[in-house]
Amino acid sequence: MNRANFFLRNLTDKIKNILRNPKVLIHYIKQYLVKDSLNNKEYYLVVSYPKSGRTWLREILVRYLDSMNQLNNSKQPLNINFSDKGVNKLIVFYHHYGEWAPMPKKKGYCKVDSKIKEAKRIIFLSRRPNCVLASSWHHLTSREKIYNRSKLEFVNDENLGIHKIIEFYNFWLKIAKNNESISFISYEELHKDTYFYMKKLISNFGIELNKTKLEESIHYSSFHNMQKRELNGKGQSPWNSSPNNSKNSLKTRRGLVDSSNEVFNKDILNFIKNETDKALNQEDKIKLGIL
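For the sequence shown, position 214 (counting from the first letter as 1) is numbered 214 according to the numbering used here, and the numbering increases by one without interruption.
Hints listed in this document are in silico derivations from the structure and should not be mistaken for laboratory results.
Where hints are given, some of them may not hold.
Stated by the list, open to error - List time: in silico BS3-like cross-link candidates among lysine-lysine, alpha-carbon distance up to 30 Å:
(1) LYS200 x LYS145
(2) LYS14 x LYS177
(3) LYS115 x LYS30
(4) LYS151 x LYS106
(5) LYS89 x LYS278
(6) LYS278 x LYS151
(7) LYS14 x LYS35
(8) LYS30 x LYS228
(9) LYS106 x LYS145
(10) LYS151 x LYS35
(11) LYS287 x LYS115
(12) LYS41 x LYS278
(13) LYS273 x LYS151
(14) LYS273 x LYS177
(15) LYS105 x LYS285
(16) LYS105 x LYS145
(17) LYS211 x LYS287
(18) LYS41 x LYS211
(19) LYS228 x LYS105
(20) LYS200 x LYS85
(21) LYS111 x LYS273
(22) LYS41 x LYS199
(23) LYS106 x LYS273
Just so it is clear, the structure is predicted and the values come from calculations on it, not from any experiment.
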């Protein structure tokens, strides 16, 4: 799907959402147009490809910082503004080259921009490519009615498919070799031991650890609880609600480590695996936490 076609279908989908629920208009404006000023501000960057677990990670952090009385309001609803010893800081969530909205970035956009250069620390959140693609498929065909081609075309799509993900991962693996401020964490690792990896994460942000409050925040942000809030219309914002109450259209869809075999057939899964193995060696996968 070319970028212009994606943009038009995305715009049509957003207009339909606004007509269905006018409250989302202000949130779309904030999401696409309003930016937090990063000038002379200490900020941390959480970089991820779409559908890698950002919503879950952000939910835990917001709950935890709120329980610690450190949470402040942020102009950009995806970012987290918090206080640390009287100093305002930001956690900025950034899809970089992987961004879809309002349309996918041009091929070759992968570059070190000012947002990357000036971040105090960068956390790269990864996920196995087959799982990213499975979740992306549901998002772009069920939650948002944007993609209208076959699954095989989807995984081969130059703007959305496996090669885009691999290019994104290889770019970050390359710049991390010369940048000690970049750390990696994966969706799979967070599932395996949420407390352990969240403890490491908040340490990277320089946030004080309170074991009891972190455990409560993790429980509050379980996929079951997040999905229940979303279905009840009690998510953090109107776009955290299902457009049609279908489980496949939920922002917090299932929370499984891997359900790609329920989405793609064996031939497509083998293709994804082969392309991944050609581009990422074992050391790369260990670094990314997706082995």
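Hint-by-hint comparison with the structure:
1. LYS200 x LYS145: Since the Cα atoms of LYS200 and LYS145 sit roughly 37 Å apart, the hinted pair is violated (cutoff 30 Å).
2. LYS14 x LYS177: 39 Å, violated
3. LYS115 x LYS30: 19 Å, holds
4. LYS151 x LYS106: Satisfied, since the Cα-Cα distance of roughly 22 Å is no more than 30 Å.
5. LYS89 x LYS278: Answer violated: LYS89 to LYS278 is near 40 Å, above 30 Å.
6. LYS278 x LYS151: The given pair, whose Cα atoms are some 21 Å apart, holds under the 30 Å limit.
7. LYS14 x LYS35: Given pair LYS14, LYS35 holds - Cα atoms ~20 Å apart, limit 30 Å.
8. LYS30 x LYS228: 25 Å, holds
9. LYS106 x LYS145: 21 Å, holds
10. LYS151 x LYS35: Violated, at roughly 35 Å.
11. LYS287 x LYS115: Given pair LYS287, LYS115 holds - Cα atoms ~23 Å apart, limit 30 Å.
12. LYS41 x LYS278: 40 Å, violated
13. LYS273 x LYS151: 15 Å, holds
14. LYS273 x LYS177: Holds - the C-alpha atoms of LYS177 and LYS273 are around 25 Å apart, at most 30 Å.
15. LYS105 x LYS285: 24 Å, holds
16. LYS105 x LYS145: 19 Å, holds
17. LYS211 x LYS287: 27 Å, holds
18. LYS41 x LYS211: 28 Å, holds
19. LYS228 x LYS105: Cα-Cα ~33 Å, so violated.
20. LYS200 x LYS85: Status holds; Cα separation ~20 Å.
21. LYS111 x LYS273: 26 Å, holds
22. LYS41 x LYS199: Given pair LYS41, LYS199 holds - Cα atoms ~24 Å apart, limit 30 Å.
23. LYS106 x LYS273: With Cα atoms ~25 Å apart, LYS106 and LYS273 stay inside 30 Å; holds.
Checked against the numbered hints above, the structure violates hints 1, 2, 5, 10, 12 and 19; every other hint is satisfied.
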